[in-house]
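Trainee: Protein sequence lines, in the order shown, are assigned to chains A and B. So for the first sequence, this note's numbering puts the first residue at 437; every next one is plus one. So for the second sequence, this note's numbering puts the first residue at 437; every next one is plus one.
Check the hints yourself; a few may be wrong.
Unchecked claim - Straight-line C-alpha distance at most 20 Å; calculated SDA-like pairs for lysine to any residue:
#1 A:K783 / A:R722
#2 B:K612 / A:S522
#3 A:K612 / B:S522
#4 B:K818 / A:A815
#5 B:K612 / A:E568
#6 A:K619 / B:T625
#7 B:K818 / A:K619
#8 B:K783 / B:D802
#9 B:K818 / A:R571
#10 B:K541 / B:H478
#11 B:K612 / A:T628
#12 B:K619 / A:A620
#13 B:K818 / A:K612
#14 A:K764 / A:V724
#15 B:K818 / A:T814
#16 A:K619 / B:S627
#17 A:K612 / B:T625
Keep in mind that the hints were calculated from the coordinates and are not lab data. Quick caveat, the model's predicted, so the values are computed rather than measured.
The residues making up each chain are set out below.
Number of protein chains: 2
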Amino acid sequence: MPAKKEEFSVTPYEVKGKIDYERLREQFGTQSITPELLAKLHHIAGGELPPALARGIYYSHRDLPALLDGYANGKPFFLYSGRGPSGPLHTSHLLQFQLCQWFQKRLGVPMYIQITDDEKFWSSKTGIPREETTRWGYENLADILALGFDPKRTFTFFDSRSIAAMYPLAVRVARKVNYSTVKAVFGFTPSTNIGLVFYTALQTVPAFWPSWAEGRAVPCLIPCGIDQDPHFRISRDLAEGMGYPKPALLHSQMVPGLLGDSVMSTTGDRSDNALFLNDGPKVVERKVRNAFTGGRATVEEQRRLGAVPEVCSIWALWRTQFAETETKFAEVTEGCRSGRLLCGECKSQLLERVHRFYREHEVARDRAKTWAESTIITAAPKAL
Amino acid sequence: MPAKKEEFSVTPYEVKGKIDYERLREQFGTQSITPELLAKLHHIAGGELPPALARGIYYSHRDLPALLDGYANGKPFFLYSGRGPSGPLHTSHLLQFQLCQWFQKRLGVPMYIQITDDEKFWSSKTGIPREETTRWGYENLADILALGFDPKRTFTFFDSRSIAAMYPLAVRVARKVNYSTVKAVFGFTPSTNIGLVFYTALQTVPAFWPSWAEGRAVPCLIPCGIDQDPHFRISRDLAEGMGYPKPALLHSQMVPGLLGDSVMSTTGDRSDNALFLNDGPKVVERKVRNAFTGGRATVEEQRRLGAVPEVCSIWALWRTQFAETETKFAEVTEGCRSGRLLCGECKSQLLERVHRFYREHEVARDRAKTWAESTIITAAPKAL
Numbered sequence: 437m438p439a440k441k442e443e444f445s446v447t448p449y450e451v452k453g454k455i456d457y458e459r460l461r462e463q464f465g466t467q468s469i470t471p472e473l474l475a476k477l478h479h480i481a482g483g484e485l486p487p488a489l490a491r492g493i494y495y496s497h498r499d500l501p502a503l504l505d506g507y508a509n510g511k512p513f514f515l516y517s518g519r520g521p522s523g524p525l526h527t528s529h530l531l532q533f534q535l536c537q538w539f540q541k542r543l544g545v546p547m548y549i550q551i552t553d554d555e556k557f558w559s560s561k562t563g564i565p566r567e568e569t570t571r572w573g574y575e576n577l578a579d580i581l582a583l584g585f586d587p588k589r590t591f592t593f594f595d596s597r598s599i600a601a602m603y604p605l606a607v608r609v610a611r612k613v614n615y616s617t618v619k620a621v622f623g624f625t626p627s628t629n630i631g632l633v634f635y636t637a638l639q640t641v642p643a644f645w646p647s648w649a650e651g652r653a654v655p656c657l658i659p660c661g662i663d664q665d666p667h668f669r670i671s672r673d674l675a676e677g678m679g680y681p682k683p684a685l686l687h688s689q690m691v692p693g694l695l696g697d698s699v700m701s702t703t704g705d706r707s708d709n710a711l712f713l714n715d716g717p718k719v720v721e722r723k724v725r726n727a728f729t730g731g732r733a734t735v736e737e738q739r740r741l742g743a744v745p746e747v748c749s750i751w752a753l754w755r756t757q758f759a760e761t762e763t764k765f766a767e768v769t770e771g772c773r774s775g776r777l778l779c780g781e782c783k784s785q786l787l788e789r790v791h792r793f794y795r796e797h798e799v800a801r802d803r804a805k806t807w808a809e810s811t812i813i814t815a816a817p818k819a820l
Numbered sequence: 437m438p439a440k441k442e443e444f445s446v447t448p449y450e451v452k453g454k455i456d457y458e459r460l461r462e463q464f465g466t467q468s469i470t471p472e473l474l475a476k477l478h479h480i481a482g483g484e485l486p487p488a489l490a491r492g493i494y495y496s497h498r499d500l501p502a503l504l505d506g507y508a509n510g511k512p513f514f515l516y517s518g519r520g521p522s523g524p525l526h527t528s529h530l531l532q533f534q535l536c537q538w539f540q541k542r543l544g545v546p547m548y549i550q551i552t553d554d555e556k557f558w559s560s561k562t563g564i565p566r567e568e569t570t571r572w573g574y575e576n577l578a579d580i581l582a583l584g585f586d587p588k589r590t591f592t593f594f595d596s597r598s599i600a601a602m603y604p605l606a607v608r609v610a611r612k613v614n615y616s617t618v619k620a621v622f623g624f625t626p627s628t629n630i631g632l633v634f635y636t637a638l639q640t641v642p643a644f645w646p647s648w649a650e651g652r653a654v655p656c657l658i659p660c661g662i663d664q665d666p667h668f669r670i671s672r673d674l675a676e677g678m679g680y681p682k683p684a685l686l687h688s689q690m691v692p693g694l695l696g697d698s699v700m701s702t703t704g705d706r707s708d709n710a711l712f713l714n715d716g717p718k719v720v721e722r723k724v725r726n727a728f729t730g731g732r733a734t735v736e737e738q739r740r741l742g743a744v745p746e747v748c749s750i751w752a753l754w755r756t757q758f759a760e761t762e763t764k765f766a767e768v769t770e771g772c773r774s775g776r777l778l779c780g781e782c783k784s785q786l787l788e789r790v791h792r793f794y795r796e797h798e799v800a801r802d803r804a805k806t807w808a809e810s811t812i813i814t815a816a817p818k819a820l
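Generate the whole structure from the sequences, applying the supplied hints.
Mentor: Right under this line is the structure:
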């Protein structure tokens, strides 16, 4: 009798239990990222791969090969990713944007960022004040732009600021989505507010925007956590009927939390579960030093048996963002597994990189604030 | 045993059966317009009453006395009424706007008009093209303004044009309305599109707008068909929790159709049921000549028994819009009931007035088109 599979559930609004990513991919009906696909990207990008793909954090997709083939044949795509602003970003929020920045830098493609300050107000269970989601929207946008986006090729839909630009297309999208669809996809109930019910129309807008604005098919690539796939399944279902290309998706695993949770969520009193970008160096140090690892009970045991990177929140940080090369990542992984690299030393090496990232990011963020406003789209290309 | 009451049902999206207006008022839980209330209005307006109130077409209200008392004590209110544009207006669509114009002229109060070109696209059962609801929005707006509104005191929320101005307030409203409420009020089903589900948030915005913009309580009066009461019950329920005055309502009976229907609806092949403002003189003449009346089978019988104005679509036109004075209205009514005024002659007298109204309205509409644009609100008074 096979062992009972662990139960988990993943929706855009909640992740429960320990996630079996391969099963989740099968449940969602998405494609694996194969070595052939990685080779194709490697070739197109001139002999490089984004770390998050090389290390398998992005592990699933929809329609990526056709998008890359199109690019290779002179049909550029654009990137679309977003953020629901309710507080400071933590490092795992950067993952999808770092991937986008890599694509923009290597392939020269436009980036569209959506800041959903309306949706975050509608979806908040704690009743976040309206002013706060907008205020965090500006802060989060600066953090995102600071990752190295090109001011000339980066555009922001800041929902409360961009609504006049988005609405003509949102009206058309909303006509084609009924309540039963959003109920099924998002698990809405009768007590869900009508803002949230409507929201998927606005979330779909950026995916179709360049095609709508330019009057020709412009392919779209959306990197996102696998939990966000359902949002964009609606966009994909609508695309062809409305005459736009189906957006391609690239799905990441969730980044585990510092406290050992399967997701770096900080809801409730879990603020030590993540490294916030506005944490000071002492707080960062404390969180890393206290973080859950895959180490053994004693040094002796760890030297003898090695540690377990797959369950370690520190290894996850190396893997997702802080190992600057594949060589360094392999060295850490091997050191951990072999027992040569103990947790204290591993944390020290990581902290050096985290501190440096924070110092450089602060400067870049201040600079990004000087041009963030210029990225915000406020006018529609056409009235209807 | 009492006779079985006739069945009817009235929702904002459908009117079925022969309406018992007094029962409907009781079902909806609204107040009667009493002689005392009419006397109060008569006094405030300097010794005049709007024809539609004097003749009992507006027969029900919510909170009108307090609004009028406030006005008398130096607290002006504003008017709000709207139109879902899907085609040319017919004369019965003007009823609520003629009442508003009367209030504006006599009391000097501001008027806010909402043109719901988004909602009409979402609610259309026949799939009206998106461009058409906006195009009709401009046409309908000109027809409304042509009734004599003051360009300096009249403002338009043209949804697709005004969304940037409306959205900050709509976001707050939408947070407070859940799906079960709109389902119950509007009879929505799972196949209702999410635009229509969201729409009540935008319909509520004008009722709160002046209070929101000016940062103080500005009372609102909404004249509407009694069938539209549920729309604004939601606004009323929200008002106090959001710190705005509950909008007062003034409800009219429905104008019967020329073909004898209880409502001047032109859905399907019922275009002869109404006088469209873009009908030419010959079409108007034909529709009136063919209209259903309360006359008898023969002239002799009518001379002897008199006719029945209450069931007559021509009498309804005199009553709602075309009897220029109460004296004329009484003369027509009495002539009909006594058998002295036969249907042919009655129709001739009415046609004279209808033709004159059309000629004058055409000129006024052309003039209104030169300033309609200046009434459209496009910017929000504050960002959040």
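Trainee: Could you work out which of the previously given hints the structure breaks and list their numbers from low to high?
Mentor: Violated: hints 7, 8, 13.
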